[in-house]
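Asker: Position one of the sequence shown corresponds to residue 1 (the numbering used here), numbered consecutively onward.
Treat the hints as calculated values from the structure; they're not laboratory data. Glycine included, each C-beta is placed from N, C-alpha and C at the ideal position. Fair warning: there could be bad hints in the mix.
Unchecked claim - Per label pair, the in silico range of CB-to-CB distance:
| hint | residue 1 | residue 2 | range |
| --- | --- | --- | --- |
| 1 | N32 | V54 | 22 to 30 Å |
| 2 | I34 | S61 | 30 to 38 Å |
| 3 | Q31 | S61 | 34 to 42 Å |
| 4 | A30 | S61 | 23 to 31 Å |
| 5 | A30 | A62 | 42 to 50 Å |
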Amino acid sequence: MDQRILGHNDDSQSSQDIGICLSTGALRMAQNAIRPKGGWRCFAEKMKAAEDLVKRKQVYSAEHH
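Between the sequences and the hints, there should be enough to build the whole structure, so can you do that?
Answerer: As structure tokens, then:
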């Protein structure tokens, strides 16, 4: 089974129309590549922790120079 992700592949459409089809497995791989592991909430928590770490390092650096 193919999933259509871009364009049309209908016989009634002009030959200039572009259609890209991916197998279900390839579509799943593409979705996994753009979706962070653990979901967006986990990703947001990790980003917040990283931002907080950078801020703490900047404060520490400013205080010790």
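Asker: Under the constraints set out in the numbered hints, which ones does this structure not fulfil?
Answerer: Of the numbered hints, just 4 does not hold.
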